[in-house]
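Enquirer: These protein sequences, in sequence, are chains L and V. With the numbering used here applied, the first sequence covers 1 to 477. With the numbering used here applied, the second sequence covers 478 to 546.
One thing to keep in mind: the hints can contain errors.
Said to hold, decoys possible - Ranges of calculated distance between the beta carbons of each label pair, as one might list FRET restraints:
1) V/541 with L/57: 43 to 49 Å
2) L/390 with V/524: 36 to 42 Å
3) L/258 with V/523: 36 to 42 Å
4) L/113 with V/494: 43 to 49 Å
5) V/545 with L/296: 53 to 59 Å
6) V/523 with L/296: 25 to 31 Å
7) V/524 with L/239: 44 to 50 Å
What the hints assert, rightly or not - Only pairs whose alpha carbons sit at most 27 Å apart, straight line, appear in this in silico BS3-like list of lysine-lysine:
8) L/268 with V/525
9) L/20 with L/36
10) V/513 with L/36
11) V/513 with L/327
12) L/67 with L/36
13) L/299 with V/541
14) L/67 with L/95
15) L/327 with L/95
16) L/402 with V/525
Source of the hints: derived by calculation from the structure; they are not laboratory data. All C-beta atoms, glycine included, are put in the ideal place defined by N, C-alpha and C.
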Amino acid sequence: MADLALMSATEAMAALQQGKVSSVELTQACLDRIEKYNSLVNAFIRIEADEALATAAQLDKERQSGKVRSPIHGLVLAHKDMFDRPGKVSTGGTKILRDRVATRTATVLQRFDEAGAVDLGGLNMSEFAAGPTGHNIHYGDCCNAFNPDYVSGGSSSGSGAAVAARLVFGALGSDTGGSIRLPAGMNGLCGLKATYGRISRHGAMARSWSLDHIGPLGRSARDVALMYQAVAGEDPCDPSTLGQPEVGAIDFESASIKGLRIGVPVEKDLETVDVEVQQALQASYRVLEQLGAKLVPVKLPDFRSIYFLAETIIKSEAASMHHDWLKERPQDYSANVRVRIEAGLAIPAAAYIDALRMRTHLTASFIRDTMGEVDVLLLPNMPITVPRRDEANPESLAAGEKVLALVGRITQFTRPISFLGLPSLTVPCGFDQKGLSIAFQIVGRPFAENTLLVAADQFQQVTDYHRQAPSLVSQSS
Amino acid sequence: MRSDVSNLNSLAQIALDLHGIERAPERVEEIAIETKRLLSGLSSINVKLDYYDEPLDYTVMLRKEAGHG
C-alpha cells in the first residue's frame with residue numbers, strides 16, 4: 001500500500017470524501033512515519049497518539065453517518081507547541097513553561113476541533129518563539145527535512161520540518177518577524193502570515209503582542225487555504241480580530257492571475273541577495289508573466305529602519321512579559337534568549353511609543369506609495385540560501401556578532417513585513433546547489449489573503465518545487 | 478564597539494537594578510552593546526510624526542485601507 005502520508009492535505013481530503021481512506025488510516029500513516037523519521041528532524045516535542053486515533057475514529061463514525069463538519073473533517077495536523085488546551089502542557093519550547101498546565105483552549109485549536117481536524121501533538125519550536133534558526137537547547141535542535149546538517153528555520157521549526165518530512169499534513173505556526181515564512185521557505189513549503197488581526201491569538205503564547213501573527217504551513221497554497229479558512233475570522237477573545245472583512249471562499253478552479261500587477265523590487269533593492277536566490281526569483285518572474293501577470297518595478301522603502309522599529313517593539317514587549325521570570329528563573333533561559341530579552345529592559349519608553357506610532361504611519365504610506373500601482377509585491381523570503389546548523393548556532397562559542405549578523409540576514413525581508421502587518425505567503429521557487437529550498441513571499445494589501453493564495457496556486461499549477469519531498473524521507477513505507 | 482558603551486552600561490545596570498535582576502559586569506556590557514546597536518539604528522530614522530493628524534489605531538487603519546470600516 002502506498003504511504004498515505006505522502007499525499008497533500010488536499011489529496012487526503014479528496015480521498016476521505018471519496019471513501020478511499022479513513023481518518024484513522026491517515027492518522028496511523030502519520031504515526032508510522034513519525035516513528036520512522038522524527039529522529040532525523042526532531043520535529044515533535046509531544047505526540048498524542050492514543051487521543052489522535054480516538055478522535056479520528058469518532059470523526060470516521062460521523063462521516064459514515066453522513067455528518068461532515070467542514071472541508072477538513074478528518075485531516076491530521078499538529079501544531080507549534082504554544083497553543084493552550086485544557087489539561088495539557090504547551091511548552092513554548094521553554095524550560096520555564098515545561099510544567100504549566102493550560103486551563104483554556106486556544107481559539108485556533110477550538111476552531112480546528114469544531115472543523116473536525118485531528119491534533120497529533122506539539123511541535124518543536126525556538127525557545128519562547130525567539131530565533132529564526134530552530135536551535136533549542138531544551139528539546140534539541142530541529143533540523144531541515146532536506147538535510148539535517150542545515151537549519152530548519154524558526155521559530156516554527158517543528159511545523160516546517162514535520163510537514164516537509166510528511167509526518168503530518170499541515171501545521172500551525174506563529175510569526176512575529178518571519179517565524180512561519182522562514183521554516184516554510186527553508187523546507188519547501190507554503191506558509192501564510194495573514195494580515196495582523198485576521199487570525200485570533202487567544203490562548204497562544206505571546207512573543208510580542210503588537211506583532212504576533214498565527215498561521216498555517218502546508219505543502220501547497222491549496223493546503224494552506226484549507227487550514228486558513230478554518231481558523232480565520234473574528235474572535236471576541238482577541239479584540240484585534242474584530243471588525244475585519246469576510247474571509248471569503250476561493251474558487252481555485254476558475255481563478256486566474258491574468259492582469260494581476262505584481263510589484264518586483266528594483267535591482268538596487270536586491271543587491272544584497274545571493275546569486276542563487278536572485279536566479280530563482282528571475283525564473284519565477286518569467287513563470288508569472290507567462291501566466292498573464294504584469295510585472296511592475298517597485299522601489300522599496302528603507303527596510304533597515306523598519307527592521308530596527310520592529311526590534312524595538314519586540315524587545316520592549318518581551319521585556320515587559322519576562323521581567324518576573326528574568327528575576328526569579330534566570331537559569332532556566334538559554335544564554336542567548338536571556339540576554340536578548342534583557343536588552344529590552346534598557347530601551348527608553350519613548351522609543352517604544354514612537355515605534356508603535358510609526359508603524360501606523362509607515363504601513364499606510366507603504367500601502368499607498370510602495371503598493372500604489374500594484375496588487376501584490378513579490379519579495380525574497382530570505383536573501384541567502386539555507387545556513388548550516390553549526391554556523392548559525394546562537395549558543396556556540398563563536399556566537400555573538402557573527403551569528404547576530406546572520407540572524408539579521410535571515411529575517412531581512414520577513415521582519416519588515418511583520419511590522420507592516422500585511423498578509424504574506426511564502427512559496428517555494430527553487431533549490432540551491434546543495435539541494436535546499438529557495439522561496440519567495442508574495443505580500444498583499446490588508447486582508448487580501450485570497451489574492452495571494454490564488455497567485456501561489458496558479459504558480460504551483462505550472463511548477464513542481466512544492467511537490468519535491470525530501471529524499472531522506474520520501475520513500476514509501 | 479566595547480570601548481564606547483560606558484554610558485549605556487550605566488543605563489543597562491539601572492534597568493536591571495530596577496527589576497531586581499543581578500548580572501555580572503560582562504553581561505551588563507553585552508546588554509549595553511545590544512542596546513547601543515538598536516538605539517543607533519533608530520537614530521537614523523527620519524520620520525516626522527504629526528501627533529494629531531496620524532491615524533490613532535493601527536487595526537482601524539488596516540481595515541480602512543481594505544475598504545472596510
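Enquirer: It remains to establish, for every hint, whether it holds in the given structure.
Expert: Results of checking the hints against the structure:
1. Taking the beta carbon of each, residue 541 of chain V and residue 57 of chain L are about 48 Å apart, inside 43 to 49 Å as hinted.
2. Distance hint check: the CB atoms of residue 390 of chain L and residue 524 of chain V are about 40 Å apart, consistent with the given range 36 to 42 Å.
3. Between residue 258 of chain L and residue 523 of chain V the C-beta distance comes to about 41 Å, which sits within the given range of 36 to 42 Å.
4. One distance hint, 43 to 49 Å for the beta-carbon pair residue 113 of chain L and residue 494 of chain V, holds here, with the actual separation near 47 Å.
5. The supplied range of 53 to 59 Å is broken by residue 545 of chain V and residue 296 of chain L, whose beta-carbon atoms lie about 25 Å from each other.
6. A hinted range of 25 to 31 Å for the beta carbons of residue 523 of chain V and residue 296 of chain L is consistent with their spacing of about 27 Å.
7. One distance hint, 44 to 50 Å for the beta-carbon pair residue 524 of chain V and residue 239 of chain L, is violated here, with the actual separation near 27 Å.
8. For the suggested pair residue 268 of chain L and residue 525 of chain V, the alpha carbons sit about 26 Å apart, so the restraint of at most 27 Å is met.
9. Taking the CA atoms of residue 20 of chain L and residue 36 of chain L, the gap is near 24 Å; set against the 27 Å cutoff, the hint holds.
10. Using a Cα cut-off of 27 Å, the hinted pair residue 513 of chain V and residue 36 of chain L is violated, with the two alpha carbons roughly 48 Å apart.
11. Only pairs whose Cα atoms come within 27 Å are accepted, and residue 513 of chain V paired with residue 327 of chain L is accepted, the gap being roughly 23 Å.
12. Taking the CA atoms of residue 67 of chain L and residue 36 of chain L, the gap is near 34 Å; set against the 27 Å cutoff, the hint is violated.
13. For a cut-off of 27 Å, the pair hint linking residue 299 of chain L to residue 541 of chain V stands: about 24 Å separates their Cα positions.
14. As the CA atoms of residue 67 of chain L and residue 95 of chain L are separated by approximately 42 Å, the hinted pair breaks the 27 Å bound.
15. For the hint pairing residue 327 of chain L with residue 95 of chain L, the CA-to-CA distance comes to about 15 Å; that is within 27 Å, so the pair holds.
16. The suggested pairing of residue 402 of chain L with residue 525 of chain V is violated, with an alpha-carbon distance near 33 Å, which exceeds 27 Å.
Consistency note: the structure conflicts with the earlier hints numbered 5, 7, 10, 12, 14 and 16.
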